[in-house]
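Peer 1: Start from the sequences and build out the full structure, keeping to the hints where you can.
Protein sequences, first through last, are from chains A and B. In this note's numbering, each residue's number is its place in the first sequence (first place is 1) plus 482. In this note's numbering, each residue's number is its place in the second sequence (first place is 1) plus 227.
Source of the hints: derived by calculation from the structure; they are not laboratory data. Just so you know, these numbers come straight off a predicted model, no measurement behind them. Some hints could be false.
[As the list claims (entries may be wrong)] Simulated DEER-style distance windows between Cβ atoms: (1) B:Gly311 with A:Asp509: 45 to 51 Å; (2) A:Gln507 with B:Glu366: 45 to 51 Å; (3) A:Asn545 with B:His337: 32 to 38 Å; (4) A:Leu503 with B:Lys277: 25 to 31 Å.
Note that the Cβ used here is the ideal one computed from N, Cα and C, for glycine as well.
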Amino acid sequence: MKHVLDITREHCPMTFVKTKLKLEQLDKGDILEILLCEGEPLNNVPKTVEEQGYQVLEIAPYNSHYKVVVKK
Amino acid sequence: MEKEKYSIIVFSGEFDKAVAAFTIATGAAATNREVTMFFTFWGLNILKKKHGRSAVGRGFLAKFFNLLMGGRKNLPLSRFNFGGISPRLMTGMMRKHNVATLQELIESAHLLGIKLIACEMAMNILEIEREDLVDQVQEVIGVSTFLDYSQDAKILFI
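Peer 2: Here's what the structure looks like:
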């Protein structure tokens, strides 16, 4: 199943907190599309997602933000 | 891979320092680190079940102190407190800029499974019982147990 998480309006540390909590809720194999801003979130959210054992499939510009696609 | 561990000693009971402690704690827990928060002295006020003022304790002095200190809604700002109005103004500013408030940070800490522990000695002095603290407090311990838990952890004192 595909899910979307928009953290473009969030700030540290909630960018990380919301991402982690959302990924925990998903089933194995689910896809999560995270919309985020450049800077701290773009630099660190994909990195910490990988450290938690999830797979980053794609990082791409999306409208005026970025999209990070993660597979649980 | 072994998780990096952080132990945060929350000694202070000021609003801004509580925000700092919970920001670091939730940020660390959300980025794959194992976090323990040890609350002692003024820090215990953050964990009281009653968020406002209440005369916790048995003796007159303890009741008096606890009433004066209050709970998480009464935490003063460490500068420019202005009789307690500033923390409310600050919370308003945090909301306006969409930054997590102290209440949201504490709820996130619970959701992230951050281990909350309370200092037995400080609770004795202030006559705070286990039942006076939020249910999420996992243990009431002394300094040697805390140091055992923190053996391979980085320790922060706030």
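Peer 1: Confirm or reject each hint.
Peer 2: Cross-check of the supplied hints:
1. B:Gly311 with A:Asp509: 45 to 51 Å: holds, 47 Å
2. A:Gln507 with B:Glu366: 45 to 51 Å: Cβ of A:Gln507 to Cβ of B:Glu366: about 27 Å, so the range 45 to 51 Å is violated.
3. A:Asn545 with B:His337: 32 to 38 Å: holds, 34 Å
4. A:Leu503 with B:Lys277: 25 to 31 Å: holds, 27 Å
When held up to the earlier numbered hints, the structure conflicts with hint 2 and nothing else.
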